[in-house]
Amino acid sequence: MQNKLLDKVQEENAANKMNKLFKGNQNDYYVSMKEEDSHQIEMNKIQRKKVFLSGSEDEEERLPTPIIKQEENKQIQVYQNTEKRSSDILDEVPTQENIDDLNGISQFELSPLNIQTGKKKSKTKKNKTIKKKLKHQALPFNWNTYKFLLHYPLQHLKLTILVNVLIVLSAVAQMLLPWILGRLIDAITKNVEQAHNSGTNNETNQDIQNNVIDEELHSKLSKQFLYVLAAYTILSLIRAFANQIWQEQIYNDMREDVLKSFLSFDLTFFHTYRNGEIISRMTNDLQSAKSAVSGNIILLIRNCCLTIFNIIILFALSWKVTLAILTPMPIYTVLATLHTKLAKKFEKLGQEYQAKLTTLADEIVSGVVTVKSFCTEQFEIKKFHKQLDLNIKLAQKRGVNNGCYQASTALFTQLGSLIVLWYGGKLAMNNSAELSAGDLTTIILYSLQLSSSSSDISESFAKIVSATGAFEGVLDMLKWESLVKEAPDAIEHITPTGEIQFKKVVFSYPNSQVQVLKGISLKITKGEYVAFVGPSGSGKSTIMHLLERFYDPQSGSIYFDDMNIKQFKLKALRKAIGLVSQDPVLFEGTIETNIIYGTENYTKDDFEWATKAAGVWQFVSDKFKFPHGFDTFVGEHGYTLSGGQKQRIVIARALLKRPKILIFDEATSALDAESEFQVQSAIDELIQKGSKNITVLVIAHRLSTIVNCNRIIVLQNGVVAEQGTHQELLNNPDGIYRQLVERQISGRIDSKDNDGDSEAQ
1 MQNKLLDKVQ EENAANKMNK LFKGNQNDYY VSMKEEDSHQ IEMNKIQRKK VFLSGSEDEE
61 ERLPTPIIKQ EENKQIQVYQ NTEKRSSDIL DEVPTQENID DLNGISQFEL SPLNIQTGKK
121 KSKTKKNKTI KKKLKHQALP FNWNTYKFLL HYPLQHLKLT ILVNVLIVLS AVAQMLLPWI
181 LGRLIDAITK NVEQAHNSGT NNETNQDIQN NVIDEELHSK LSKQFLYVLA AYTILSLIRA
241 FANQIWQEQI YNDMREDVLK SFLSFDLTFF HTYRNGEIIS RMTNDLQSAK SAVSGNIILL
301 IRNCCLTIFN IIILFALSWK VTLAILTPMP IYTVLATLHT KLAKKFEKLG QEYQAKLTTL
361 ADEIVSGVVT VKSFCTEQFE IKKFHKQLDL NIKLAQKRGV NNGCYQASTA LFTQLGSLIV
421 LWYGGKLAMN NSAELSAGDL TTIILYSLQL SSSSSDISES FAKIVSATGA FEGVLDMLKW
481 ESLVKEAPDA IEHITPTGEI QFKKVVFSYP NSQVQVLKGI SLKITKGEYV AFVGPSGSGK
541 STIMHLLERF YDPQSGSIYF DDMNIKQFKL KALRKAIGLV SQDPVLFEGT IETNIIYGTE
601 NYTKDDFEWA TKAAGVWQFV SDKFKFPHGF DTFVGEHGYT LSGGQKQRIV IARALLKRPK
661 ILIFDEATSA LDAESEFQVQ SAIDELIQKG SKNITVLVIA HRLSTIVNCN RIIVLQNGVV
721 AEQGTHQELL NNPDGIYRQL VERQISGRID SKDNDGDSEA Q
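For the sequence shown, counting from 1, position 66 maps to 66 in UniProt numbering; every step adds exactly one.
Worth double-checking, as some hints may not be accurate.
Said to hold, decoys possible - Only pairs whose alpha carbons sit at most 27 Å apart, straight line, appear in this in silico DSSO-like list of lysine-lysine: (1) 147 / 223; (2) 485 / 566; (3) 625 / 612; (4) 479 / 569; (5) 372 / 341; (6) 372 / 393; (7) 575 / 625.
Bear in mind the hints are in silico, worked out from the structure with no lab data behind them. All figures in this text were calculated on a predicted structure; none of them were measured in a lab.
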């Protein structure tokens, strides 16, 4: 399912379009970050600007200008926005000055889906060609998006066929009702005329016989009308039931596929798009897409059937009246097309505004402690209100568009009725009596149905186009190309011994040109206990990220047991590594479910050993605080637990995997002295008992925790500056490690300083 999803997205030929526009590598569109002091790298706010090529007539204005640079005899392109970027709400700092400015500021840019207005004049033939293509993409008919969305109904082919058959049958039943009603009116009219004649003339046997026939016909038509009405009601109920199930199945498939795709992307994707935006795309945008491929498309099919049947029957009754009814249709079609195009534009912009609101709300709620601590409630409220004002302005534009369309629909509906009454009545009352009273009634009913179905077609189509416009935001994300990819012949099952080797590894984060690692080469033997220390930004955490292939180095290789880690499946590689990061992450559920998270096969003894080694068993055994033991619910993000308790649960989770390589990335930073001693003792015991069976890598700022390591590797400025045992490094009076120890003892550095070589800095 996931591969099909990605394949369909990649079929949109985005690469060919980018090559024509930029004549460069489409993977090189990023904004460079500012390089400052080597010890203090303060990165600018980076917002990766992806080129969006799927539907706006102003698309050309969003294309960044390529700047060609020469580096190591290779051309690389760094795309920068040539226009001055206005301040983004999320980039603002809460000062009194910008709080006052929030009372009424012009519209700001949205990223990464930035929509601007205005048109540029094309000066060359090439620019005119590009502009022509972009205008073509701005039409409401984005077939690539429709093609992508329509493959979901085909996955439930039987139910799709059933729903469509029910649509056709209910439409046929609905079309029979006016026809029977017209015949019934003719029968009633004839009976009335005969009754009037019987009061003035003597009835003959033939007249009596005709009255009996007319009464039988009246009774027969009445029964037929009731039967068809009952059939229409039953078919409509079954159709509504089947359609609801069909819609939910499609919606669930879409959400599952999008989530699978997002989880298949590398970490750069999640550092490029804000959490609130990703969540909004997965909820609001997919909800719109659901209405496009299920609800509104059903209405579109149904109304198309009704329109076709109406026109056929009207021509059968009177081609003259039918042509008169259809005369205003071309004008109405033009107005409906204009409404559809504007509706798509407004819906797409509305979804982007909604994504911005979701991001703001997510940041405010997740950072509520900081907001209250710094008394910035009013700042956050005004910032949120500023975005709401943009939604109001957009709602006004939507209101004008919808109001004009509904007014034109009502006008043409009444105009059609007037044409039928005037021209149809004229045909019914002339000497030739081309139309009977029943025919005229039938034509009136069918003309009303035609007006209704025609307007519903336009409305449904407008909603479908609007929904696909909103879904293009999701498609833009799905076009993401991960830099970390598996080889086609990657190995699924691996049993590494724990030997690790770095060979001339050079690495820079995707949105940075600063080299974090500069040709590092080192070898860690099986069962070795190694610690990495160094100043912030020296590359300690980066080494751990490369081991798990969260990123790939630009040059050089990493080996497990003389095999390049790129030869392994990502899942197999990561299952062989146990990682305990700085920030403990717990999921909704119990303590036990969080400990066994990601571990498929384990025994009761394994669970007991892991929890005791991590110190979880000890605090969970307190029945006063944890009466439910390991079945205690931790709450959202583990809010019911202390920081140290959460960290110990995460350590137990890693130990339960029984990995061959165990990584502690400042894992004991949140623990108190006693808990830290217990965990450190468990790690030391693990090393002694495991002997050569497990390799342990530790990142530590609290240097007292690594004195028992087999080797300490000191990193500085992306290179290995020193390495050796604790005592060997202390014996070097001018060594970096000795200086770090002396400063920590004297208290001049914070033992809980965060490692600054993560991409988020």
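We went through each hint and held it up to the structure:
1. Between residue 147 and residue 223, the direct Cα distance comes to roughly 45 Å. Violation of the 27 Å bound is thereby established for this hinted pair.
2. With a C-alpha separation of about 8 Å, the suggested pairing of residue 485 with residue 566 holds against the 27 Å cut-off.
3. Annotation: proposed proximity of residue 625 to residue 612 holds, straight-line Cα distance about 18 Å (limit 27 Å).
4. Of the supplied pair hints, the one linking residue 479 and residue 569 holds, its CA atoms being roughly 22 Å apart against a limit of 27 Å.
5. Of the supplied pair hints, the one linking residue 372 and residue 341 is violated, its CA atoms being roughly 44 Å apart against a limit of 27 Å.
6. Among the hinted pairs, residue 372 with residue 393 is inconsistent with the structure: their alpha-carbon atoms are about 31 Å apart, more than 27 Å.
7. Taken as a hint, the residue 575 and residue 625 pair is broken in the structure, with Cα atoms around 33 Å apart against an allowance of 27 Å.
Checked against the numbered hints listed earlier, the structure breaks hints 1, 5, 6 and 7; every other hint is satisfied.
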